[in-house]
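**Student:** The primary structure of each chain is shown beneath.
Protein chains: 2
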Amino acid sequence: MNIKNKTIQELKILAQDIRDRIIEVVSKNGGHFSSTLGAVELTIGMHKVFDVTYDPFIFDVSHQCYPHKLLTDRWEEFKTLRQFKGLSGFTKPKESKADYFVAGHSSTSISLAVGAAKANKLSGENKVPVVMIGDGSMTAGMIYEALNELGDLKLPVVIILNDNEMSIAKPIGAMSKHLSRLLAGKFYQGFKEKVDHIVKNYMPKGTEYIAKKIEESMKLITPGIIFEEMGCDYIGPIDGHNLEEIIDTLQLAKNLQKPVIVHAKTIKGKGYPLAEGHHEKWHGVSPFDIATGESLKKSTSKSATQIFSDKLYELAKEDKKIVGVTAAMPSGTGMDKLINNFPERFWDVAIAEQHAVTSMAAMAKDGFKPFVAIYSTFLQRAFDQIVHDVCLMNLPVTFCIDRAGIVGADGETHQGQFDINFLRFLPNMTLIAPRDEGSFENALEFAKDYNSPLAIRYPRGSFKTLQYPSAQFDTPKIEILKMAFDNSDIALIGYGAGVSRAIETEKFYDGELTIVDLIFLKPLPKESLKLLASKTKKWYIFSDSQAQGGVGSAILEFISEEKLNIEVVSFEYDDLYIQHGDTKLLEEELGILPEQLVSKIV
Amino acid sequence: MNIKNKTIQELKILAQDIRDRIIEVVSKNGGHFSSTLGAVELTIGMHKVFDVTYDPFIFDVSHQCYPHKLLTDRWEEFKTLRQFKGLSGFTKPKESKADYFVAGHSSTSISLAVGAAKANKLSGENKVPVVMIGDGSMTAGMIYEALNELGDLKLPVVIILNDNEMSIAKPIGAMSKHLSRLLAGKFYQGFKEKVDHIVKNYMPKGTEYIAKKIEESMKLITPGIIFEEMGCDYIGPIDGHNLEEIIDTLQLAKNLQKPVIVHAKTIKGKGYPLAEGHHEKWHGVSPFDIATGESLKKSTSKSATQIFSDKLYELAKEDKKIVGVTAAMPSGTGMDKLINNFPERFWDVAIAEQHAVTSMAAMAKDGFKPFVAIYSTFLQRAFDQIVHDVCLMNLPVTFCIDRAGIVGADGETHQGQFDINFLRFLPNMTLIAPRDEGSFENALEFAKDYNSPLAIRYPRGSFKTLQYPSAQFDTPKIEILKMAFDNSDIALIGYGAGVSRAIETEKFYDGELTIVDLIFLKPLPKESLKLLASKTKKWYIFSDSQAQGGVGSAILEFISEEKLNIEVVSFEYDDLYIQHGDTKLLEEELGILPEQLVSKIV
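Protein sequences, first through last, are from chains X and C.
When we follow our numbering, the leftmost residue of the first sequence carries the number 1, and every step to the right adds one.
When we follow our numbering, the leftmost residue of the second sequence carries the number 1001, and every step to the right adds one.
Because the hints were derived from the structure by calculation, they are not lab data.
The C-beta atom is built at its ideal place from N, Cα and C for all residues, glycine as well.
Do not rely on the hints blindly, as some may be mistaken.
Unchecked claim - If we take Cβ atoms under 10 Å as the criterion, some of the chain X residues that face chain C in the derived model are:
| id | residue |
| --- | --- |
| 1 | Phe378 |
| 2 | Gly591 |
| 3 | Pro594 |
Stated by the list, open to error - To be clear about the criterion: a stretch of chain C counts as covered by chain X if any three or more of its residues have a C-beta under 8 Å from a C-beta of chain X, and this derived list gives those stretches:
| id | region |
| --- | --- |
| 4 | 1069-1080 |
| 5 | 1140-1150 |
| 6 | 1172-1183 |
| 7 | 1290-1300 |
| 8 | 1567-1578 |
Stated by the list, open to error - No more than 25 Å apart at the CA atoms, straight line, and that leaves these computed lysine to any residue pairs for SDA-like:
| id | chain 1 | residue 1 | chain 2 | residue 2 |
| --- | --- | --- | --- | --- |
| 9 | C | Lys1127 | C | Lys1085 |
| 10 | X | Lys530 | C | Lys1535 |
| 11 | C | Lys1535 | X | Glu567 |
| 12 | C | Lys1535 | C | Leu1564 |
| 13 | C | Lys1563 | X | Val602 |
| 14 | X | Lys563 | C | Gln1596 |
| 15 | C | Lys1522 | X | Lys121 |
| 16 | X | Lys477 | C | Gly1367 |
| 17 | X | Lys154 | C | Ala1484 |
| 18 | X | Lys563 | C | Asp1574 |
| 19 | X | Lys530 | C | Lys1522 |
| 20 | X | Lys537 | X | Asn565 |
| 21 | X | Lys321 | C | Ala1098 |
| 22 | X | Lys563 | C | Leu1531 |
| 23 | C | Lys1530 | X | Glu567 |
| 24 | C | Lys1563 | X | His241 |
| 25 | X | Lys121 | C | Ser1452 |
| 26 | X | Lys154 | C | Lys1482 |
| 27 | X | Lys127 | C | Lys1321 |
| 28 | X | Lys537 | X | Gly591 |
| 29 | C | Lys1154 | X | Ile238 |
| 30 | C | Lys1482 | C | Ala1533 |
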């Protein structure tokens, strides 16, 4: 849609149409809701002032990209949002040329803009990269690294700081407070107080009329001094829902031909009154009733996140050495209950996974027992800190890895595919995974007193209820859930949520098969596996993880070392990024549904 | 050594003794030199004002920790610095209780201090964590993440910003410029210009005398406004070689009981005139002659770094699409030659691996061919960016991974143990490794036109000269260097520098063995490996990488998929952090010297 020639009045109508369409589709499909509603006018402003066929449009983490999708020939298709083979919930170049880059992890945008600006300069073009970034994304270290270079090189980049005074949960940290002061004009106020002090104490008597003049003049000193000192111009704050103001400001910013931050104040959820304001629950939503705002998804069994939250709460009540951290995902990880009940021991440090891990390493060194709750995909950001600050120091930090395995509608940027693979080779690390609710509670009990680095992975959603007693984690020892003496050569070995898939697969098999829960991936339960090897000849591996370097690989290393004669087949993920959509459809495409796997065993 | 009761005069003498000892030992053993010499007085100040048996002493990246080691009962032992089984070149709690944490990667210190401060508060103690951090370490994102929380929580932490106006190479980026302005008092000057403008244009005529008064008063406005806005008090700049000033300031800072940044100006190399000032070569040194400063290490064959530098220079001369980046290691990675010759296409972005990778991903998207040169151990910092911004987008970024394998004297924080393991499972990634100089040049030629993510790993130091033609990387196909028909059941399979170890090992064998270079680890050269499998039965794997999930593991996965009957033994690294010392001694301890390995084959 080319909106270059539309009048302000027409654009206002368009804004309403966009909101209506977003509310219509997201209420059916679920998705990122309040941040995208808050960014409608800013996105229209981008498209009015910049050229989406020429200038790179970069949406940080792209929670707010739906208006952009609607403005770039995806109005009809938008009904397939987040569905299998439908539109992605994030920007995606394979979907549209209007999407410059994939973005599902936060705070990559300014680095991308720096790269784009360098490329632009070398190519002799006049592109101006334009970034839309929320205040929440401003907390991650990458932003600072990128501003550091951008402010030095002074390349033309326009950064729209979409400030709704709330990241996903709530504003956290010193930068957030600084931004709030800017929005409220309080920077100037604090500054004015200092000047007042000077005027009162150091100026000659009888010059009060001059003092007033000075105060007024001080308004010319920019409030965005942090950004100015970092080499970027600062304009703002502006009203992020006032189209005239947005368009005028962006035009000015674009013309400056240097790095500019346009600070816009917006309201999250704007246009859908129930969601307006600071409601974490409206950030990402499942299908809901438009009239009442009630979720249409019936809550079924308890989620793994909820089990984690309740059990850790119970443990933390008893043991004051337990502390914990989340990186901007308090309710997503279930840490909210802990933060609310023990605010002196549990922290949300904002989007800052690196800092989250290393600060907890220090607490572990000082005798505390930290639990770090981060989604599998976001834990990638703290890889070096796990290697260098936790494992090298052999400290008892427990990583609670939520959303391990396929996460569904969020897709390729969010799948928990890799955590086993990037943690398994780290010295001093222990890896365990629960197969069901009771096992998870036992795993957390085990973690409480464990004296070295430990990672527990668990899936999005609920565990399946299994007809077996729950796993015990006292020692690395496999649990044989079922011993099939008739087919003694085959064993189905599961790890974590893979165990329930093994159980399901066995049900499709004509006859009985031995079913084993590995429980520990590292250290591998070698002695009990050797016993299993003496009774079986063929092992099928079930785990929600990347095959290369994954669980099957650990088993192969063991078999090779022990010179056992066992055939191993891994049913882990293929070597690809898993797309978005309903989890079952994705598993079907990967060929890992139990009814598909059984044919590979027969 | 307790210095609490020493007079300033005695401390000055002590400072000289420390310098003498450092010069004496580092000139023999090599080590981090100029930054540690510059930090002598600051370290003495820390020990005078804080209690090393109580307050956490945190040295960022700990390049500057030698004075601290000398002050904490390691004076004699210091002669074993960086030697096998001797003192580490970095802080190390296993070595001394005075060392709070391991630190060899930059910019973890403020996160550690936040954790320590939280622990202190919960324990009801009065510890004040004290951090020493160089200006170079201030560029990494972790610092910003940590300051964000620290400035919000307002816990007592004293941060000594040891500003020698140079990280390892030279000051880079907007933050660095800001700090330089502070050191030079230019912040106030810029500020004054703004005020002058206001006074001149907005004040009533005839009030010039007041203008002067205002200017003077403005000096009361702090120059450290970035830090103040981030919630930390700022004191400085102070003279980082003036013991009285240091001690008075640290005492004041400690008493404030909140986050304080003490900005100290120091001279790198202070006390050894040849090293004073901005000389990158004096940052880390090999043994040298004290009188002349000449290195005692005879340069032998060309280092892998040098081969990289020369070859990439040659390629970049021809192809203007080639661009590249280093993260604060211009001469360490050999990128200096490129930056000096093509400053518009090659950048040092300071310690900012995350930004380095993602900004280059954008350049690749825009048609350029980026080469990212980062040491194996530091590439860990950019893991998520490789996953989410390069591989997911399938962009032709080439990672040139220097210092892969054992690095020697720098030890456990710097070993290039893990790069294969954390890259191998990433979709779209290609992994190759050259075995010698010519192979490396061919690998870079191959990279130039390769159209997806590629990682090339190569060792610290020089390749061994091999008696075979160099490897070709046109297609994933193993190269059989030697076919031993007499012992057709055994093949020694090497990858990268592992190939020369395989060749050496074969020389110790009584008879001939087949020797193979894998060349490609991903995609694995399956067809040619199948042929090899038809002729051999037992494969020994040689690679400088962690065994779990490593090269042997890749081979095992292949054998398992293809249901081949091959016995595999991997001679990769055990599951531990490799300590520091002479590389050969470390290899001997690991049992991977050729003469040791041959006995495992016999």
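**Student:** With reference to the structure, classify each hint as holding or not holding.
**Tutor:** Evaluated hints:
| no. | hint | result |
| --- | --- | --- |
| 1 | Phe378 | holds (8 Å) |
| 2 | Gly591 | violated (15 Å) |
| 3 | Pro594 | violated (22 Å) |
| 4 | 1069-1080 | violated (count 0) |
| 5 | 1140-1150 | holds (count 11) |
| 6 | 1172-1183 | holds (count 7) |
| 7 | 1290-1300 | violated (count 0) |
| 8 | 1567-1578 | holds (count 7) |
| 9 | C:Lys1127 / C:Lys1085 | violated (32 Å) |
| 10 | X:Lys530 / C:Lys1535 | violated (30 Å) |
| 11 | C:Lys1535 / X:Glu567 | holds (21 Å) |
| 12 | C:Lys1535 / C:Leu1564 | holds (12 Å) |
| 13 | C:Lys1563 / X:Val602 | holds (17 Å) |
| 14 | X:Lys563 / C:Gln1596 | holds (21 Å) |
| 15 | C:Lys1522 / X:Lys121 | violated (35 Å) |
| 16 | X:Lys477 / C:Gly1367 | violated (52 Å) |
| 17 | X:Lys154 / C:Ala1484 | violated (61 Å) |
| 18 | X:Lys563 / C:Asp1574 | holds (18 Å) |
| 19 | X:Lys530 / C:Lys1522 | violated (31 Å) |
| 20 | X:Lys537 / X:Asn565 | holds (7 Å) |
| 21 | X:Lys321 / C:Ala1098 | holds (24 Å) |
| 22 | X:Lys563 / C:Leu1531 | holds (23 Å) |
| 23 | C:Lys1530 / X:Glu567 | holds (18 Å) |
| 24 | C:Lys1563 / X:His241 | violated (63 Å) |
| 25 | X:Lys121 / C:Ser1452 | holds (23 Å) |
| 26 | X:Lys154 / C:Lys1482 | violated (56 Å) |
| 27 | X:Lys127 / C:Lys1321 | holds (18 Å) |
| 28 | X:Lys537 / X:Gly591 | holds (24 Å) |
| 29 | C:Lys1154 / X:Ile238 | violated (30 Å) |
| 30 | C:Lys1482 / C:Ala1533 | holds (15 Å) |
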